[in-house]
Amino acid sequence: MNVTAPTTAGYSLDPRRPLLTRPDGRLQIGWDPESALILTPPPRVTARALLEVLDLFDGKISRPQIMWVAAGHDIAPSAMGAVLDELERVGVAVRATATPPPDRTPAVRVHGRGPLSDALVAALRGANARITRSVRYPPDADAGRWKTTCVVLADDLVADPRLVLDLVRYRIPHLSVRLRDGHGIVGPLVLPGHTSCLGCADLYRGARDPQWPHLAAQLLGRAGHADPATVMATSAVALAQLDAVLGAHRSELPASVNHTLEIDLTGLTVRRRRWPRRRDCRCRHLDTGVVGSPNLPP
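Its first residue numbered 23, the sequence shown is counted upward by one per residue in the working numbering.
Hint data in this document are derived by calculation from the structure and do not stem from the laboratory.
Take these hints with a grain of salt, some might be off.
Unchecked claim - Computed beta-carbon distance windows for the label pairs:
| hint | residue 1 | residue 2 | range |
| --- | --- | --- | --- |
| 1 | R295 | A93 | 16 to 24 Å |
| 2 | K82 | R147 | 20 to 28 Å |
| 3 | T291 | A93 | 47 to 55 Å |
| 4 | L42 | A93 | 43 to 51 Å |
| 5 | R158 | Y226 | 52 to 60 Å |
Beta carbons: idealized from backbone N, C-alpha and C, even for Gly.
Please take these sequences and the hints and turn them into a complete structure.
So, in structure tokens, the structure goes:
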């Protein structure tokens, strides 16, 4: 997982996709039969020469440096530029990001106690992010002082309503991660002022079942249970959602915005359930009383 804030740096190739040479003189990037890219070298350029240039894409090499190295392998700047543009277009070559200074490193707070909290904290320790953890939200607590980029509400079947309200009030993005009846539930990812919130989801559920508030009160403060495989799968999906919103290459909204991702390993399915914004939710009324945008990396 890479949760770096974007800064100017050089080019890198997708490390998940190996560079391979084909017997016909072309290069192949990746080995998935459906998504691998077949790259034909420019005229009079060998696959080996082009491969040696591409091998230097370490995240630090700039476009002028690439052209200079390519010229040393008898690859014209115009030809190398065309190759680089094509690799960028298909997403294989990206402008890498340098490690941000400490004051711009994303900060993630995991709030909760249980197997999901433990798994997420352990996984996030290997990420380029500052991790804090909390369990309770006492009466004198103030989420506005947390100085965090995103909060993960983990394990609690129903999150503390006061904390949820404060996260919306202070426009702190937050992701709910729970276990429900042995299945994993990731989402919704809340970007306050822009997306539906946990309160919206409660209102929708209450509209379908008028007794839901009574049931939710009994679930408050309780953690779910599931087998270890479901815990790990749910944590992995949650990490992917965090990476999508905190990562340096955000191109579209994560799948859990306005939705929950419901993981069922027995049926090997992930169901995406929609939770749109409610006009009667308090998050709508808070929009006019809070200044600023969700606290995300630039």
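Tested hints:
no.	hint	in the structure
1	R295 with A93: 16 to 24 Å	54 Å, violated
2	K82 with R147: 20 to 28 Å	26 Å, holds
3	T291 with A93: 47 to 55 Å	52 Å, holds
4	L42 with A93: 43 to 51 Å	25 Å, violated
5	R158 with Y226: 52 to 60 Å	28 Å, violated
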